[in-house]
Amino acid sequence: MEVRIEDLVKRFDDVVAVNKVNATFESGKLIALLGPSGCGKSTMLNMLSGIMPVTEGKIYFDDRDVTMLSPDKREVGLVFQNYALYPHMSVLENICFPLKIKRVPKAERIEKAKEYARMVHIDDYLDRLPKELSGGQQQRVAIARALVKRPKLLLLDEPLSNLDAKLRVEMREEIRRIQRESGVTTVFVTHDQEEATSISDYIMLMKLGVKQQFAKTRNLYNDPANLFVADFIGNPTINQLHGIYEKGNFRPDAYENAIPIGRYQIEDGSRVVFASRPESVIVEKKNGKTVMEVEETYVSGKDTLCVLKAGDGRLRAYVDNDSAPQEKDLVSVSFRDRGVFVFNEESGERYYE
Amino acid sequence: MKNKTDRVKSFMQYLTLFIGAAIMFLPFFWMINSSFKTEKELLSFQSFLPKQLLIDNFRQAWEMGDFPRYFGNSVFVTVVCVALTMFVTILAAYGFSKLKFPGRDLIFTVLVSMMMIPYEMLMLTNYETIRHMHLFGKIWSLIVPFTSSIFYTYILRNFFLSVPDSLYQSARIDGASDWQYLWEIMVPMAKPSLVTIALLDAITCWNSFMWTMLMSSGNRNIRTLPFGLTAFTSEAGVHYNLWMAGATIVVIPMIVLFLFCRKSIITGVSRGGLKG
Ligand SMILES: Nc1ncnc2c1ncn2[C@@H]1O[C@H](COP(=O)(O)OP(=O)(O)OP(=O)(O)O)[C@@H](O)[C@H]1O
Ligand SMILES: [Mg+2]
Numbered sequence: 001m002e003v004r005i006e007d008l009v010k011r012f013d014d015v016v017a018v019n020k021v022n023a024t025f026e027s028g029k030l031i032a033l034l035g036p037s038g039c040g041k042s043t044m045l046n047m048l049s050g051i052m053p054v055t056e057g058k059i060y061f062d063d064r065d066v067t068m069l070s071p072d073k074r075e076v077g078l079v080f081q082n083y084a085l086y087p088h089m090s091v092l093e094n095i096c097f098p099l100k101i102k103r104v105p106k107a108e109r110i111e112k113a114k115e116y117a118r119m120v121h122i123d124d125y126l127d128r129l130p131k132e133l134s135g136g137q138q139q140r141v142a143i144a145r146a147l148v149k150r151p152k153l154l155l156l157d158e159p160l161s162n163l164d165a166k167l168r169v170e171m172r173e174e175i176r177r178i179q180r181e182s183g184v185t186t187v188f189v190t191h192d193q194e195e196a197t198s199i200s201d202y203i204m205l206m207k208l209g210v211k212q213q214f215a216k217t218r219n220l221y222n223d224p225a226n227l228f229v230a231d232f233i234g235n236p237t238i239n240q241l242h243g244i245y246e247k248g249n250f251r252p253d254a255y256e257n258a259i260p261i262g263r264y265q266i267e268d269g270s271r272v273v274f275a276s277r278p279e280s281v282i283v284e285k286k287n288g289k290t291v292m293e294v295e296e297t298y299v300s301g302k303d304t305l306c307v308l309k310a311g312d313g314r315l316r317a318y319v320d321n322d323s324a325p326q327e328k329d330l331v332s333v334s335f336r337d338r339g340v341f342v343f344n345e346e347s348g349e350r351y352y353e
Numbered sequence: 001m002k003n004k005t006d007r008v009k010s011f012m013q014y015l016t017l018f019i020g021a022a023i024m025f026l027p028f029f030w031m032i033n034s035s036f037k038t039e040k041e042l043l044s045f046q047s048f049l050p051k052q053l054l055i056d057n058f059r060q061a062w063e064m065g066d067f068p069r070y071f072g073n074s075v076f077v078t079v080v081c082v083a084l085t086m087f088v089t090i091l092a093a094y095g096f097s098k099l100k101f102p103g104r105d106l107i108f109t110v111l112v113s114m115m116m117i118p119y120e121m122l123m124l125t126n127y128e129t130i131r132h133m134h135l136f137g138k139i140w141s142l143i144v145p146f147t148s149s150i151f152y153t154y155i156l157r158n159f160f161l162s163v164p165d166s167l168y169q170s171a172r173i174d175g176a177s178d179w180q181y182l183w184e185i186m187v188p189m190a191k192p193s194l195v196t197i198a199l200l201d202a203i204t205c206w207n208s209f210m211w212t213m214l215m216s217s218g219n220r221n222i223r224t225l226p227f228g229l230t231a232f233t234s235e236a237g238v239h240y241n242l243w244m245a246g247a248t249i250v251v252i253p254m255i256v257l258f259l260f261c262r263k264s265i266i267t268g269v270s271r272g273g274l275k276g
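Protein chains in written order, with this note's numbering: chain A, 1 to 353; chain B, 1 to 276.
Please note that a few of the clues may not be correct.
[Unchecked claim] Sample of chain A residues at the chain B side, in silico, Cβ under 7 Å:
| id | residue |
| --- | --- |
| 1 | 71 |
| 2 | 80 |
| 3 | 84 |
| 4 | 86 |
| 5 | 88 |
| 6 | 102 |
Hints listed in this document are in silico derivations from the structure and should not be mistaken for laboratory results.
Cβ coordinates follow ideal geometry from the N, Cα and C atoms, glycine included.
If we strip away everything but chain A, and leave its shape as in the complex, we get (with noise of 0.2 Å):
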């Protein structure tokens, strides 16, 4: 099913949690509502699933206006953060549960719910009580106990943060594999941003209400929209210098030379921020071109990440072990085409070439 929102809004007395959000989640694709805390992701969720009214703005689920359905009639299933599993119940109850609310019979509803159950790898714990379950079969029944009913989308809130971390990357593989066969939209609310570009179709990241870019996982990186985008997605963070735009070339603040970047459509002489991804700053011996010194190295792996000075910014850049330079090295800086991107230093927006 498609899911559309429209100019949403949602106001708590002075907060505004979502401001004028539109988009659209395709049929069948894994999204990631992507941000940092506090800024409505939760709020996002809670309305697609009717559990809070919305302020302005419209839902549509395919061409059905949903903004005013109460949620029993949504067809969504919806993870809870702390799972919220009916405590009396024993798994295969709590899983029954929806069917028993439709009065499939018991037979057939204790069938389903088995199903769904070996689906998520909790068939052997049937009979326990969710406080006997370890957080992540919890969350596995939450999942089959949303997904029995067939819902049109699913709904999940940080469903992952209360894991370990490698029980969070198994189930993470998990939540995709399950996604994948039951063909069901889902719209996963995730603030890491390594869990959200390792899972999902669609990222869309908000900050403080507001969507700022909505794209293929794939494109938030390659290609953000802002300085924002730019810096919450990726690890080790883009490396960011400010300075001066002339003429093709970037003036980084208290440094001698300039970086050249090629044409932007900027005015000369107006602050931005140069930024690079750490793979995309090439490093060579001293030849000449912009000069920069090697402040520190960490060797990680077969790669060494060199810290370098350029005034009073530092860039990060990915080098080979076999030719990585020593520390106090002066070496020659330049950038690929890919993964770098000028941005307003004010207003974070993004100039093209």
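Here the structure of chain A is known, so what remains is to put chain B with the ligands in place on it, guided by the hints.
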């Protein structure tokens, strides 16, 4: 390894408990013990235990007093009272904990503060109300004033408040209505508290005396056991053995009920469902 002072300490603890239990238990034992004795045996103080287990006292008491009717009335009043009280308590507790309406907490505070009013004062107004409802002397007069309880509502509301809202939202998304959520999720979760409340209420109803006396002054057919017993003591003359048999008849159903629900009561009380 337990050392000596520990052992002395635990001995003292058990001794205290034993004395307490004995003090509680003795009157019951005396009552039941005496109900098996003949009148002569009882008055002569010759032996502590009865010579034979005499069922005859029970038969006599049962037939002499109007006990079958009292018993039927008691069962009817108790069952209906408890059922209605539970229903009203559950709905009220849900309303005061989970539904949002203006003045909710204020109204509840007022209700709770009304628990301070002594029961004897309410008897007058209740009496007037019953009279105006033309229920005076009818068995429903024993039920109508006791179909709700602020105290039980307070207990249950506290439990309901501790249930996270995400369960409600979850149930709504699973397709449940408010009504289904209450009966399918909240009530089963509150079961230990509910059993405790039901039992307390059953005991209160069963033992209710003053009000029954007042209401049944116009009609002896609606007497329940406790008042019936008092009436019996005056109507049957001074036969201690029969009185004791009658008293035993009155308490046995509650003791049986308690034994059945013992486990739920202990969980209900121990998890704080009855604190406050
Ligand atoms: N019920 C509410 N009443 C008032 N303000 C609220 C309410 N719920 C959320 N907010 C506010 O709305 C904003 C967005 O909250 P939301 O819970 O959607 O953030 P989030 O992105 O889910 O954050 P997190 O990652 O911490 O869960 C926050 O500023 C929050 O304080
Ligand atoms: Mg949240």
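Checking hints one by one. Is residue 88 of chain A an interface residue toward chain B, by the C-beta closer than 7 Å rule? Hint holds; residue 88 of chain A Cβ to chain B Cβ min 5 Å, cut 7 Å.
When the least beta-carbon distance from residue 86 of chain A to chain B is tested against 7 Å, hint result: holds (6 Å)
Less than 7 Å between beta-carbons is the criterion; does residue 84 of chain A satisfy it with respect to chain B? holds (4 Å)
Is the hint on residue 71 of chain A kept, meaning its closest Cβ partner in chain B is under 7 Å away? holds (4 Å)
Report holds or violated for the interface hint on residue 102 of chain A, using the least CB-CB distance to chain B and a cut-off of 7 Å. It holds, given that the least Cβ distance between residue 102 of chain A and chain B is near 6 Å, below 7 Å.
Given residue 80 of chain A as an interface hint, is the shortest Cβ-Cβ distance to chain B below 7 Å? holds (5 Å)
The earlier numbered hints are all upheld by this structure, with none contradicted.
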